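**Q** Fit chain B to the given chain A structure using the hints.
So the chains spell out like this:
Protein chains: 2
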Amino acid sequence: MEHLDDQERQEVWANIKDALFNDHIDQFRAEFLELHPYDQARIFEDLEKDVRLQIYTYLSPEEVADVMEHIDYDEIEPFFTEMAPPFAAQVFAEMSTDDAVDIFNELDKDKVASFLTIMDDDAADEIKDLLHYEEKTAGSIMTTEFVVVKAGMTIREAMVHLRTEAPDAETIYYTYVIDEDKRLVGVISLRDLIISEEEWLISDVMNERVVSVSVGEDQEEIARMVRDYDFLALPVVDFQDHLLGIITVDDIMDVMEEEASDDYSKLAAISDVDSPDDHAFASAKKRLPWLVILLFLGSLTASLIGRFEETLDQVAILAIFIPLIAGMAGNTGTQALAVAVRGITTGEIEKQGKWKMMLREAGTGLITGFSCGLLMTLIVYIWQENFFLGLLVGLSIFLTLVVATLAGSLVPLLMHRLKIDPAVASGPFITTINDLISIMIYFGLATAFMNLLI
Amino acid sequence: MEHLDDQERQEVWANIKDALFNDHIDQFRAEFLELHPYDQARIFEDLEKDVRLQIYTYLSPEEVADVMEHIDYDEIEPFFTEMAPPFAAQVFAEMSTDDAVDIFNELDKDKVASFLTIMDDDAADEIKDLLHYEEKTAGSIMTTEFVVVKAGMTIREAMVHLRTEAPDAETIYYTYVIDEDKRLVGVISLRDLIISEEEWLISDVMNERVVSVSVGEDQEEIARMVRDYDFLALPVVDFQDHLLGIITVDDIMDVMEEEASDDYSKLAAISDVDSPDDHAFASAKKRLPWLVILLFLGSLTASLIGRFEETLDQVAILAIFIPLIAGMAGNTGTQALAVAVRGITTGEIEKQGKWKMMLREAGTGLITGFSCGLLMTLIVYIWQENFFLGLLVGLSIFLTLVVATLAGSLVPLLMHRLKIDPAVASGPFITTINDLISIMIYFGLATAFMNLLI
Chain A
1 MEHLDDQERQ
11 EVWANIKDAL
21 FNDHIDQFRA
31 EFLELHPYDQ
41 ARIFEDLEKD
51 VRLQIYTYLS
61 PEEVADVMEH
71 IDYDEIEPFF
81 TEMAPPFAAQ
91 VFAEMSTDDA
101 VDIFNELDKD
111 KVASFLTIMD
121 DDAADEIKDL
131 LHYEEKTAGS
141 IMTTEFVVVK
151 AGMTIREAMV
161 HLRTEAPDAE
171 TIYYTYVIDE
181 DKRLVGVISL
191 RDLIISEEEW
201 LISDVMNERV
211 VSVSVGEDQE
221 EIARMVRDYD
231 FLALPVVDFQ
241 DHLLGIITVD
251 DIMDVMEEEA
261 SDDYSKLAAI
271 SDVDSPDDHA
281 FASAKKRLPW
291 LVILLFLGSL
301 TASLIGRFEE
311 TLDQVAILAI
321 FIPLIAGMAG
331 NTGTQALAVA
341 VRGITTGEIE
351 KQGKWKMMLR
361 EAGTGLITGF
371 SCGLLMTLIV
381 YIWQENFFLG
391 LLVGLSIFLT
401 LVVATLAGSL
411 VPLLMHRLKI
421 DPAVASGPFI
431 TTINDLISIM
441 IYFGLATAFM
451 NLLI
Chain B
1 MEHLDDQERQ
11 EVWANIKDAL
21 FNDHIDQFRA
31 EFLELHPYDQ
41 ARIFEDLEKD
51 VRLQIYTYLS
61 PEEVADVMEH
71 IDYDEIEPFF
81 TEMAPPFAAQ
91 VFAEMSTDDA
101 VDIFNELDKD
111 KVASFLTIMD
121 DDAADEIKDL
131 LHYEEKTAGS
141 IMTTEFVVVK
151 AGMTIREAMV
161 HLRTEAPDAE
171 TIYYTYVIDE
181 DKRLVGVISL
191 RDLIISEEEW
201 LISDVMNERV
211 VSVSVGEDQE
221 EIARMVRDYD
231 FLALPVVDFQ
241 DHLLGIITVD
251 DIMDVMEEEA
261 SDDYSKLAAI
271 SDVDSPDDHA
281 FASAKKRLPW
291 LVILLFLGSL
301 TASLIGRFEE
311 TLDQVAILAI
321 FIPLIAGMAG
331 NTGTQALAVA
341 VRGITTGEIE
351 KQGKWKMMLR
361 EAGTGLITGF
371 SCGLLMTLIV
381 YIWQENFFLG
391 LLVGLSIFLT
401 LVVATLAGSL
411 VPLLMHRLKI
421 DPAVASGPFI
431 TTINDLISIM
441 IYFGLATAFM
451 NLLI
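As given, the protein sequences belong to chains A and B, one line each in that order.
Residue 90 in the UniProt record's numbering sits at position 90 of the first sequence; the count goes up by one each step and never skips.
Residue 79 in the UniProt record's numbering sits at position 79 of the second sequence; the count goes up by one each step and never skips.
The shape of chain A in the complex, shown without the other chains (with noise of 0.2 Å):
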């Protein structure tokens, strides 16, 4: 069977409508279960409240946790402020912990103090641990219901505690193994426990070379480990090597997601380019902040052009080529900032130097600028007939490129020696200053030759 597409999740939700209709509960549990719980979600999701407060009681709190899990955060709230108190503290209570401190931290504080009151002492316990990391580190999106087994067992007997943990455990294809004092000191795969025999040690089978992150470590930065090393988990430590928890892949795939597509947010000028389902009023206020800081930043670009006023007042035909050279600046900038927000992101600006990266900057500022500036002037030389202005516009060109590509990889380079994170510069900083650049070396080359010109 394909995945559901919009047709089958149509005849799917015919007949799970009719169920719920008709109060038949067996039929409803039938058809719903059977589903993926990222399908159960989208048909939840689109229901009514009365009929969501009906699927509420016809489903345990565990099986309303896998829906739960697959809604968008952003918008999650409404459900457990419709669900009975200690209903939705028993929802959360069955989540994966790193899942339902994902929630808590979208939901009002208020909320979340009345739903630990309410909760097994446990699973409130798990979940306070995990709201004091910070965001965007280990400790903020592992999960604490991994497999521990300790190094004296046999085979057998791991397996058999394997076995015992599986409901409850985020994933069993690596199994933990810790020391007396609860150190972590190696792992041994699903795979491995299963081609083992059974009386051998897991001492004699476990790999201590088990890699792990420390609990406060940059969520980027263990997404590209898991990449790297093709791992299905990672187990987190604190200082002293004590095992936290344990951050699997399909937490990584989110990460990577949110991480790309927040980079690309900031390159187009814009606070979140992922919910097209916004209203106007919602989208404009993502976008507005952004265009009037460009606004006032295109201000200070027109104020620069205002004070060559006598300049462009002589020669107005100068006033024809500003969009395109303000404009091949940015391009270029925009062009070297995202080869450098790059390689600092996937780190390979660190391993060869910032140096090399801007001498070779340098080296490709030099070879387009040279390129684009000859060609304008021979294109600006036949349009417009006057072999000077084609030589101002080309020169122009030629050191706004050498300029502005230098610019756009120095200035990520900066922010990210003074720990802002660079992707912020993108758009609008760059393109503004290279605006300023372009403008200043063309009129102030067209005020220096002006008897040329005229």
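Please keep in mind that the hints were generated in silico from the structure rather than gathered at the bench.
Quick caveat, the model's predicted, so the values are computed rather than measured.
Note that the Cβ used here is the ideal one computed from N, Cα and C, for glycine as well.
The reader is advised that the hints may include incorrect statements.
Listing some non-contacts, in silico: residues in chain B with all C-beta distances to chain A over 12 Å [claimed, not checked]: (1) W13; (2) K17; (3) E82; (4) T137.
Result set (SDA-like, lysine to any residue): computed pairs, CA atoms no more than 20 Å apart in a straight line [claimed, not checked]: (5) K354(A) <-> A280(B); (6) K354(A) <-> H279(B); (7) K285(B) <-> L374(A); (8) K286(B) <-> L366(A).
Which stretches of chain B does chain A cover? Using the computed rule of at least three CB atoms under 8 Å from a CB of chain A, they are [to be verified]: (9) 293-304; (10) 360-372.
**A** Just chain B now, kept in the frame of chain A:
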């Protein structure tokens, strides 16, 4: 142990170099094979050619295959060229078929043919089959090393089979169930296998609602499914539901990275943002084509302004606001475009309908346009003490933002309809269209109301 940082790599590297220099095979093997293949690859690619040749004699083809799977495929060619061809063929035979195919796609055709000739027939046939699939489809990223069982087997028989297959399989965490005609009929996770009783039948415990993808499915769609459904692997079938291969989550992470970097590169108008180790010429080559296109598109803008030379001659101060207005058009267009491209990529727009989206973008444009226009009218009025100039600039910004926002979402939708990747439209295209629109509006209004300005 944390993963290797630069300093640790230096230490290990010193030991390994020492072993190589003194011809201590055992010491080399002990140090080198202890590392994760990802780290092995990082050390390996930093070595001189004669040292690499020495390593090929110290390691088995299988061990070299592990290293090669973690080298960047763009840069892998020299390594396979320097190996003895029979050894290289053995290395390929030991690799996952999907990785071997990816590498073959980077080598020239004659070399591939010669490797396939000396390779073991079975391995060669598997790779040949995969070489036929189109790039970026399920077929091109799947591997053929998966484990299948028959529905009539007992759990015990299945586990015995699994233990035998484990060393060669890409993953054993999912076992696929096929019928007599080799059609995919179910899936069973290793988790379910180990908690089931040994005498139960596979057909009793398998999940019959197995989600699969067809061999021609686009890799981006597959990545979305794996992420939404939290799969560790997905089976690939032909149109008759025969199981052809599987796609594992580690390949999906590479796809996600590739697609994200692709979209990002296109927004920055650069062919490939991801190789900061290029030399200046190589990186100029990637950027120059875009810059030249932009240069010609910019010339269009220039010639459009040229048509308003008379207006400019009369009111030279108009030139001051050209970059501001064109810049705002470009920025708002890029914002709308980024939202539309992401919406198309994630399928959100398909779901909610194009008209709803256009309507929302129109609303957003009206709100942002009105706010920015009003603000700019005030700024220009105060700064230049000219109310009509302020009104002209403000009105131009209002109209420009409305039209540019609409254009920014309309263009990618049109391209999507025409089956062109909408991300291509990004940087240059939308910015130029919006430059032209904004200048037409600004100078059109200025020319029409000239008498109020002078």
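**Q** Could you run down the list of hints and mark each one as holding or not?
**A** Evaluated hints:
Distance check on W13(B): its Cβ is at least 14 Å (rounded) from any Cβ of chain A, clearing the 12 Å threshold; non-interface status holds. The Cβ of K17(B) lies farther than 12 Å from every Cβ of chain A, with a closest approach of about 19 Å, so its non-interface assignment holds. Every beta carbon of chain A lies more than 12 Å from that of E82(B), the smallest distance being close to 24 Å; the non-interface claim holds. The non-interface label for T137(B) is consistent with chain A: the shortest C-beta to C-beta separation is roughly 15 Å, beyond 12 Å.
A hinted pair counts as satisfied when its Cα atoms are at most 20 Å apart, and K354(A) with A280(B) qualifies at roughly 14 Å. For the hint linking K354(A) to H279(B), the alpha-carbon distance of about 14 Å falls within 20 Å, and the restraint holds. Restraint check for K285(B) and L374(A): satisfied, since their Cα atoms lie roughly 16 Å apart, inside the 20 Å limit. A C-alpha spacing of about 14 Å is found between K286(B) and L366(A), which places the hinted pair at or below 20 Å, so the restraint holds.
With 7 residues having a beta carbon nearer than 8 Å to a beta carbon of chain A, the region 293-304 of chain B meets the requirement of three or more and the stated coverage holds. For the region 360-372 of chain B, the assignment as covered by chain A holds, since 10 residues bring a beta-carbon within under 8 Å of that chain's beta-carbons and 3 suffice.
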